[in-house]
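Engineer: Sequence:
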Amino acid sequence: MLNPMQLKALMKNLKTKQINAKKVVFELEDKKLVIENPQIIEMQFGGQTTYQIIGNAKEEADIPEEDIKLLAEKANVSPEEAKKALLKTNGDLAEALSMLKK
Numbered sequence: 001m002l003n004p005m006q007l008k009a010l011m012k013n014l015k016t017k018q019i020n021a022k023k024v025v026f027e028l029e030d031k032k033l034v035i036e037n038p039q040i041i042e043m044q045f046g047g048q049t050t051y052q053i054i055g056n057a058k059e060e061a062d063i064p065e066e067d068i069k070l071l072a073e074k075a076n077v078s079p080e081e082a083k084k085a086l087l088k089t090n091g092d093l094a095e096a097l098s099m100l101k102k
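Start counting the sequence shown at 1; every next residue gets the next number (UniProt numbering).
One or more hints might be untrue.
Unchecked claim - Calculated pairs, DSS-like style, for lysine-lysine (alpha carbon to alpha carbon, straight line, at most 30 angstroms):
id, residue 1, residue 2
1, Lys31, Lys58
2, Lys84, Lys8
3, Lys23, Lys88
4, Lys74, Lys22
5, Lys101, Lys32
As the list claims (entries may be wrong) - Pair by pair, the computed Cβ-Cβ distance ranges are:
id, residue 1, residue 2, range
6, Glu29, Gln52, 40 to 50 angstroms
7, Leu14, Ser98, 53 to 63 angstroms
8, Gln6, Glu42, 38 to 48 angstroms
9, Gln48, Gln6, 17 to 27 angstroms
10, Glu66, Gln6, 30 to 40 angstroms
11, Leu2, Glu27, 31 to 41 angstroms
12, Leu28, Glu66, 14 to 24 angstroms
13, Ala9, Glu81, 28 to 38 angstroms
Derived from the structure by calculation, the hints contain no laboratory data. By construction, the Cβ of each residue, glycine as well, lies at the ideal position given by its N, Cα and C atoms.
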């Protein structure tokens, strides 16, 4: 257990700074976690840097570029519209195509 003086000495060596970011994206095996407008604090202590990220994460399917191109071609829409449809349907090509054809 640290006494107050030891804690104060440790805190003196801790360097922190706020990082302004619009978005943080964690790319996982099969999806992405996206945090919009996060609060990020960088902490440096003992030669190591740690980042604390605070915000609400939402999951996004990891959409392959080939799927976006294929859907855009089949539905006769822009790649941006195709990607939006794929994100809404969690990457389901058939459902996205059906949605765009309506």
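Engineer: Please go over all the hints and tell whether each is borne out by the structure.
Structural biologist: Status of each hint after checking the structure:
1. Lys31 to Lys58: holds, 10 angstroms
2. Lys84 to Lys8: violated, 50 angstroms
3. Lys23 to Lys88: holds, 19 angstroms
4. Lys74 to Lys22: violated, 33 angstroms
5. Lys101 to Lys32: holds, 27 angstroms
6. Glu29 to Gln52: 40 to 50 angstroms: Hint violated: Cβ distance 24 angstroms, outside 40 to 50 angstroms.
7. Leu14 to Ser98: 53 to 63 angstroms: holds, 54 angstroms
8. Gln6 to Glu42: 38 to 48 angstroms: Violated, at about 24 angstroms.
9. Gln48 to Gln6: 17 to 27 angstroms: Given about 19 angstroms between the Cβ atoms, the range holds.
10. Glu66 to Gln6: 30 to 40 angstroms: violated, 57 angstroms
11. Leu2 to Glu27: 31 to 41 angstroms: holds, 38 angstroms
12. Leu28 to Glu66: 14 to 24 angstroms: With a Cβ separation near 20 angstroms, Leu28 and Glu66 satisfy 14 to 24 angstroms, so the hint holds.
13. Ala9 to Glu81: 28 to 38 angstroms: violated, 58 angstroms
Consistency note: the structure conflicts with the earlier hints numbered 2, 4, 6, 8, 10 and 13.
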